[in-house]
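Enquirer: Okay, here's what each chain looks like letter by letter:
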Amino acid sequence: MSGGETDWKRAKTGFAALLGPPLGWFLLFFAVPMAVVWAYSFGTNVGISDIEISGTFANYARALEPLYLGIMGKSLAFAALATLICLIVGFPVALAISFAPPNLKTWLLIGVMLPFWTNLLIRTYALIALLRDEGLINSGLELAFGWAGFERLSLMNNNFAVMVGLVYVHLPFTVLPLYAALDRLDRSLLEASFDLGAGHLRTIWNIVLPLAGPGIISAVLLTFIPVLGSYLQPDLLGGPDSQMIANVIERQFKRANDWPFGAALAFMLMYLTLFGIALQSLLKRRERPE
Amino acid sequence: MPDPAPKRTIIEFRNITKRFGPVTAVDNVSLTIQEGEFFALLGPSGCGKTTLLRMLAGFETPTSGQILIDGQDVTKVPPNKRPVNMVFQSYAVFPHLSVIKNIEYGLKMEGVPAVERRERAEAALAVVQLEGYGERMPDQLSGGQRQRVALARAIVKRPRVLLLDEPLSALDAKLREELRFEMSALQDRLGITFVMVTHDQDEALALASRCAVMNKGSLMQVATPADLYEFPATRLVADFIGSVNLFEGRVEEDESDHAIIHLPEIGIKAWLDHGTGASETVQIWLALRPEKVELHKRMNGEGPPTMEGTPPGHNVVKGRIMDIAYLGSESVYDVMLEGGKRVRVIRPNLTRWDQEDFSWDEDVWLGWHAEGAHVLLS
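Taken in order, these protein sequences are the chains called P and B. For the first sequence, position 242 (counting from the first letter as 1) is numbered 242 according to the UniProt record's numbering, and the numbering increases by one without interruption. For the second sequence, position 246 (counting from the first letter as 1) is numbered 246 according to the UniProt record's numbering, and the numbering increases by one without interruption.
It should be emphasised that the hints constitute simulated quantities derived from the structure, not laboratory data. We treat Cβ as the ideally placed atom computed from N, Cα and C, and that holds for glycine. Be a bit skeptical, because a hint or two may be false.
What the hints assert, rightly or not - The calculated lysine-lysine pairs, modelled on DSBU-like cross-linking and capped at a C-alpha distance of 35 Å, are:
(1) B/K81 / B/K216
(2) B/K76 / P/K105
(3) P/K105 / B/K318
(4) B/K108 / B/K76
(5) B/K76 / P/K284
(6) B/K269 / B/K297
(7) B/K108 / P/K284
(8) B/K269 / B/K341
(9) P/K284 / P/K74
(10) B/K216 / B/K76
(11) P/K105 / B/K269
(12) B/K216 / B/K292
(13) P/K105 / P/K254
(14) B/K297 / B/K318
(15) B/K292 / B/K318
Stated by the list, open to error - Covered stretches of chain P (in silico footprint by chain B; criterion: 3 or more residues with CB under 8 Å from a CB of chain B, positions within the stretch not fixed):
(16) 177-189
(17) 197-203
(18) 207-220
Taking the hints into account, I'd like the entire structure generated from these sequences.
Expert: Dropping the structure here:
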């Protein structure tokens, strides 16, 4: 220590000591495994557990076959639909929370975050208990409308169930960034809009939505990306035609034991996601020059 | 001072009370505002003035009572259907819209066609002297310019009443003074009724044709600025508007053309040029504005000067200058009387050497004219 006058950024040893461990952790447990898997994606299986990094593009070529492109396309469509539903459901929720009285606000936010405190697997099984043929919804409806010849709905093992699961699990990822954006909005802007003759809907359309734009984009990204990589919901709630790309990737790594192809599929997903983020920051930069 | 020509009532508050949970923000206020007035709601923060204005705009609903605009009960009418527009304290200029789009916003909501909209918006820009700024974005404007945009956006709607919430408080002192004159001129030109909320008494006195002083949710006094200053109703108003010296006293002689008041605190008698109507048994207060007190040199052996309009020996008291604040245009003297009471005296510096007339620790006579003081009953 050379005394309090030294700029902390110039105390190189101290700086390195602080930076070192997290950087080492990051390199060892994130960058290195990613690099290994990325290398695998250019590899070939030789024997049961050996992979030769041959530099081949065969895995990627295979990933672009119609079968996998179809599943990728379907995953994108699922993710888009789930994100849209999350936005439509989440926007009023976020708006309501941001306008709630302060003490209620805390409880509502806890309510939104509460599912995070429960294991994802348990929540998904809870959905099964709700949706299956003898589940709570069907037996409840049966109790109420059994006299009118009610027939059980098939709510499980189909795309509908997957969509319910995806929306349910990812809704907090939409609500929280939306809430953060809406809560920052200067209330007097809304009052000014009312004062100038706009009703509630026109105020939301003309003032709230444009000003909450960056928040909406974050909400879309934060929802879309994890939905795209969802694995559990199609696996547990879906039917034979509900597979998403993550299920295929999982199968390559496990049952099919084709790591190179699995790696290529995984990185296709990654390239797509990175492309999306790059697009967003490009849009952001256009919005705010400087 | 009566108003010239009685005017039509445009706003009426009838027994308005507003509670927020256990807090009573506005307590049974009844008030009428005339057409064409520049009316100020004045009071310390938390006195209920902003709540009253927000109820007039429609952002708050009274707990009880009625609000009438142009004779119409608007108590339950939403803000977007009221013939009033507001200039917000923060200006609330929409940051994602250009200046001209901000101004056109209200007209668009009314369904005014695009061409007329643009014409009226340009005209409003001219009124606030921002011609050529239409395409700018709000973050390219200074605080004063944003304030003008907020003003233009409100007046372009041709409201019956323009509401101003602390319109100048976010600006620096110099600009504030400039805009005061402009606002006043603008109000004259437009002939719209202005209702302004302010905690700044100078702003209220300078701009308003009539002021309501509020405290703790209630109206203390409603009067012209001059009446508020020269004839405050209570000590509270006297103290809030400008500064004041207060002396406890009791009426000794009360005639129609004069009164004599004993001031035991400072051991002298005060002579007033008018009767007070106060009972001789109750305590009253003599209010004396600092600029209405004169300073006179006090040499050894010299008797007290005789004050204008009073018999000798009245309205004069011995004191010693404890502190002087030179403010350029005037000097403020802190004078201690013999009993220990402090009196504030303001003396204009009429020539460049006036501030040297008196100095620290100098013995002086304090005196005031028969017309200088005002009696307060509460």
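Enquirer: Indicate, hint by hint, whether the structure satisfies it.
Expert: Going down the list of hints, with the structure as the test:
Taken as a hint, the B/K81 and B/K216 pair is honoured in the structure, with Cα atoms around 30 Å apart against an allowance of 35 Å. For a cut-off of 35 Å, the pair hint linking B/K76 to P/K105 stands: about 27 Å separates their Cα positions. Between the alpha carbons of P/K105 and B/K318 the distance comes to roughly 63 Å, so the proposed pair goes past 35 Å and is violated. Annotation: proposed proximity of B/K108 to B/K76 holds, straight-line Cα distance about 24 Å (limit 35 Å).
With a CA separation close to 42 Å, the supplied pair B/K76 and P/K284 exceeds the 35 Å bound. For the hint linking B/K269 to B/K297, the alpha-carbon distance of about 20 Å falls within 35 Å, and the restraint holds. A threshold of 35 Å between alpha carbons decides the hint, and for B/K108 with P/K284 the separation of about 28 Å falls inside it, so the pair holds. At most 35 Å may separate the alpha-carbon atoms for a hinted pair to count; B/K269 and B/K341 meet this at roughly 16 Å.
Proposed proximity of P/K284 and P/K74 is supported: the alpha carbons are some 28 Å apart, at most 35 Å. For the proposed pair B/K216 and B/K76, the alpha carbon gap of about 25 Å is at most 35 Å, so the pair holds. For the hint linking P/K105 to B/K269, the alpha-carbon distance of about 63 Å lies beyond 35 Å, and the restraint is violated. The suggested pairing of B/K216 with B/K292 holds, with an alpha-carbon distance near 30 Å, which does not exceed 35 Å.
This hinted pair does not check out: P/K105 and P/K254 have alpha carbons roughly 45 Å apart, beyond 35 Å. For the hint linking B/K297 to B/K318, the alpha-carbon distance of about 10 Å falls within 35 Å, and the restraint holds. A distance of roughly 16 Å separates the Cα atoms of B/K292 and B/K318; the hinted pair therefore holds under the 35 Å criterion. Counting residues of the region 177-189 of chain P whose beta carbon lies closer than 8 Å to any beta carbon of chain B gives 3, which meets the minimum of three for the stated coverage.
A count of 4 residues in the region 197-203 of chain P with a Cβ less than 8 Å from any Cβ of chain B is obtained; the coverage claim is therefore met, three being the minimum. Residues of the region 207-220 of chain P lying with their CB closer than 8 Å to a CB of chain B number 3, which satisfies the three-residue condition for coverage.
The earlier numbered hints that this structure contradicts are 3, 5, 11 and 13.
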